[in-house]
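Protein chains in written order, with our numbering: chain A, 1 to 407; chain B, 1001 to 1461; chain C, 2001 to 2184; chain D, 3001 to 3208.
Simulated from the structure, these hints should not be mistaken for laboratory data. Only a predicted model underlies this, so the values are computations on that prediction, with no experimental measurement involved. Keep in mind that a hint or two might mislead.
[Stated by the list, open to error] DEER-style ranges, computed between Cβ atoms:
# : chain 1 : residue 1 : chain 2 : residue 2 : range
1 : B       : LEU1446   : A       : ALA200    : 21 to 29 Å
2 : A       : GLN26     : B       : PRO1445   : 53 to 61 Å
3 : C       : LEU2007   : D       : CYS3113   : 22 to 30 Å
4 : B       : VAL1057   : C       : VAL2017   : 26 to 34 Å
5 : B       : LEU1448   : D       : SER3156   : 16 to 24 Å
Even for Gly, the Cβ is constructed at its ideal location relative to N, Cα and C.
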Amino acid sequence: MAPEKIEALTSTRLKTDEMIINMGPQHPATHGVLRLLLTLDGEFVKHVEPVVGHLHRAQEWQGQNRTWFQYQALIDRVDYLSGMFTSWAMARAAEKVDGCQVPLRGEYMRVIVSEMNRITSHLLWLGTYGIDLGAMFGFPFYPFREREKLLDLLEAISGQRMMFNYIRIGGVQSEAPPGWFAKVSEFVKEFPDRVDEYEAILTNNPIFIKRTKGVGILKKQLALDYGVTGPSLRASGVPLDLRKTKPYSVYDRLKFEVPIHEGDGDTFDRYVLRVKEMRESNEILRQCLEQIPGGTADELRERRKACNSCGKADCSNCGGDLMIMAKKQNAGLRIKAGEGFDAIESPRGILGCYIISTGGDTAYRFKWRNPSFCNLAALPDLLIDHPIADIMAIFGSIDVILPDVDR
Amino acid sequence: MNPAVFEIGKFARLTVIWLSIIFGAVWAACWAVGVFAPALINASGMPTETASLASEVLRALVPVVAVAVFIPINAMFMVLCERRALALFTVRKGPNRVGPDGLLQTAADAVKLLFKEDITPHGADAVMFTAAPIIFFAPSIIGVLPLLAAASGNHELFRSVNLPTGIFYVLAIASIPVVGIVMGGWASNNKYSLVGALRSAAQAISYEIPLVLSIVAVCLMAGTLDVVKIADQQKDSLLSWNIFGGGALLPYVNLVVAGLQGNNEQVQAIMQHFQAQPLGPFAAVLMVVCCIIFFGIYITGACAEVNRIPFDLPEAESELVSGYNTEYSGIKFAIFFLAEFTNLFVVCSIASIMFLGGGHAPLPGLEQGFTEMLGGILKQLPGSKEIFSPGWLINSLVNPSTVSQAFWIILKTYSLVIFAILIRATLPRFRIDQLMAFGWKRLIPLSLILLIALTYLRELV
Amino acid sequence: MLSKSNLQSLLFLAVAVGITLLFLTGQVGGVLSGAGLPAYKADLFAFLAIVSVAVVSLAFGGNKTMIMIGGTVTAFIVLTAFQDSMVRYMTLGAIFFAIGAYGMVASRNAVRMLMSIELMINAANINFVTFSRAVDPEHLGGQLFAIFVLTVAAAEAAVGLAIVLAIYRNMATVDMEKFNLLKW
Amino acid sequence: MEGFPQLTTWAQANVEQAVFYLLAVIAIPLAYGVVCDRNIIRSGFLLIGVFSTIAGLFILLSAQFLALAQIMIYGVGITLVVVIALMLTNPKAEKESMPALSIHKGPAIFVACFLFMCVYLALRSAENWPVKTDVAALSAAENLSRIGQSLLTNYSFHFEFASILLLAALIGAVMLAKAEPAVHDLNELSANEDKLKSSERADDVVKV
């Protein structure tokens, strides 16, 4: 019997044509300019081909044609929601090549601002995830309320709301302005209540649970194969968090738990994990504020009045651990010849920077390891056999930033 | 002061100003066409036959004038109201630049939309593409007509649109817009639009059943399809509203009241009724529960009918760009937009007439007191019967009971509208399969069971 | 813009409207009685005139759609203008019935065939309601019958579409000319 | 329009005929569109237009309830038909490959003309319809209650029977449209095939 005859006799479904749809790059929900080439059977996705590169800005090449000082200001734009982390990754790689030691207070300041930035990034994710699930105008702005507070604080310390350029090679840009630490600790106190509010809206919402539970299950092995990192990986049961597994900076001095979800994670687990991470970041912030050498900036200023801000390295008020910068920041900033790679844990996963320096004022080669790109690679496998409506639920839950993908 | 309270105050002020403008304008237009113009014609010395025919024609036109004035400005206000209320619910400010407090924001938006280029996409079916917004909008205009009579307390100007098939007419007309959506989605030559249109068809058909069943339950209790009669039956008090069982509890409450007052005769009479129907109180309470659930079913079905979140799948932004109206721009898009809000207003006013007692106050004393007070004030005025004198003008302009009814029905309807906005501000969107499952597996069986239960309970009360 | 076929059909429309106007103003009856024919059947003669003009212009390659629609409308006006209202409604019903029958026999698409059947059922409904209004206004038997017809039509549409669906599943087509096997 | 006696009489004298002809002139082209339009989906939408005009005719015939039922059932029901037609056929392919009407056009025109002439001549030939011109139409409220009472008294059997018919149609439609569990297993199929090959009916199966 001919195959088509068998097919005709055994088929129990309607013969339908597949529909090819371009989702993006101008689709309102693709978080920027991602293009998904979808092959649909009815409303179900049969094949996905993400097309990236619409926002390619040659960030790596630009790094090779700008001085270290210039590129430090530019690199925040790669991942515009967590600029602190990109500058930090570059700073750490450059410090590794150069061999300079960041003072302890500088490291604490780095942790403080970047954990704040992690919270803002997760808050924005939470809000836009609400939009992805169709809570159109209502939900997104609650997280934005807290995000505004944090951005105001970050603006106060760095002068910018998104492109901070605060973490520099060798330390951080400046000491905190008066009253800054008090405001941060105030925020730290009230933030857990606010997270409770979000959870009250979403975590037990039956529609939200229906939309997310059991949707877009990312298997552990698949996640590892694709090199997925960050919360999406931890939601799939792999305890990989550089802050814990390979503690850098001062993370080994802080007590915190990295939330892990046991077993294969779905979108709901990824949501829960991010919410837990926000609480955890808040906890880290609290500890940092307690442990930071020299105390708040205001206290430190008072102490420095005694020595008239001498700035000597052996001064007990100005030098050693209490400094925030180990390298002179000017346009002639040079890094010793050599090569080095260092990675940190950004809100989206492992963010790595590889540098080859020839000792001049520009780098010979830059290479970034962006978490969003690797996370996005797992998307097609997650989307297969889900309806159109789930595309955004899943895509939102792996939290990619398109400039970070395209660089 | 708490900034939230301040913002709420601003929002309330805005709402009151806009609503006064809207309803003042509508009433002025109706009065000019239905009272003033006929009086002018009569006074002008035309032949009697022609004059009375002309004034009858004018008075028959009043409902049309009312709706034609009301629909656009009301929809414009509802857009503004939604934006301001959403802003309030989400800790923002909302539009506040155009006019005082953003009062004229949607007017500016409407002007902008009118001047935008009207694009027909390549490969679209031009005729269908143009017809779709009209088919979508027209029903919401002709569908509200019977509600006018009920909302104005059967005022003589609107009596003519009080159809005996009232609510059936409204429901039949309200089922038409889905045709416009499917037509527009198909004619756009866009896959997203097509998917949105198909979803809309599926959704409208499945949610129409529980919606109609909940209305049927009310008609069953009222024994009529006439909206004016249904509204009238609920005039006694809060307990006679259909959401609270349409007066099922009244005899028992009366019994308690009479017992407290020591009125023996009434107690005796009702006790006899009790003995005839020993299950009465129990059945009455069950009936109230049924009715409240039916109200919930109605609100759910209505949200699905007018494509509100959480049922706004036909135009789900994050999935289908903008669903069936993706390709529309300019005036056609404006018509779609207006019609959506008008439909929301229509379902909310149906709910307030069918379930929430129409134009009647929750306590009878309120309505009576207001009417008597206003009537007293009107009597103080120079009560000249002479035509065109100030007394005649004021007496023909202000009818105490209509004013009271209009106030209550506006209050109820807009409370429901703001409730719908609150739902929109809180809930995420369903997925299409979950939506269908919820409709067919939960709502329809539930409403059928409740309908049967209500039929029997009615006999027991 | 104005092709030959369109020109011809416009000519036909002009002629048909002319005949209709002549008929409405009572001229045709005069012509007929002048020719020795029974004038009381003037409407049938006018109708025949329109039909023959239509056939001629179709034969010469006029635009079919315009000729058919224009011919039907003018013929309908001619046939009903001086009848009483009941006959008027029922003639309209008959026209719908004929169009439906034409569609049912001629259409290749099974769904279109179902639509034509719906059209015929509605034509019958018009007649029922007309009878109910004219002959039985107290008991409304016709309207009740129309309600039952509506029910049956709904059932018919459901089953018909299900059959079409089953055919499509097995044959991957809804072309009526391709499933003439009576089995599959 | 009960509140306007003068207007009602004036409208009956002047407007009713005009409205009737207006509806007819709209409806006839729409009906042609239903059967002749090359695009099946557009003819579906035109069908809704035809039904709406027929609802208008029902209102002229003072059958308000029926008009509303017509709109409600056909407005939504036919949309369903259109949607299913959309899903079933590939409109573009149909437009290119398949004309709307088949080779049976000639006979079809003949049948249609014949049917129309039959009905029309029958109408004309009856001299005396028992028309009750003196009886006014029932008011809308009476009409509604009369229909309701008749359905539950004189026509209760028919009413119940119609519900059974609908139920049967519903079940039948579901059964027909459901996926048939005909042959699930390919091995079973080939086993059957072997059996059939041995018999003489094998050819029949393959032909299908």
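Q.
Between the beta carbons of LEU1446(B) and ALA200(A), is the distance compatible with 21 to 29 Å?
A. Holds: the Cβ-Cβ distance is about 27 Å, inside 21 to 29 Å.
Regarding LEU1448(B) and SER3156(D), is the given constraint of 16 to 24 Å on their beta-carbon distance met? holds, 21 Å
Holds or violated: 26 to 34 Å for the Cβ distance of VAL1057(B) and VAL2017(C)?
-> Given about 32 Å between the Cβ atoms, the range holds.
| said: Against the range 53 to 61 Å, how does the distance between the Cβ atoms of GLN26(A) and PRO1445(B) compare: consistent or not? | reply: Cβ of GLN26(A) to Cβ of PRO1445(B): about 43 Å, so the range 53 to 61 Å is violated.
| task | Mind checking the hinted window 22 to 30 Å against the Cβ distance between LEU2007(C) and CYS3113(D)? | result | Roughly 26 Å apart at Cβ, these two residues keep to the hinted range, so it holds.
Violated hint for the displayed structure: number 2, the only one.
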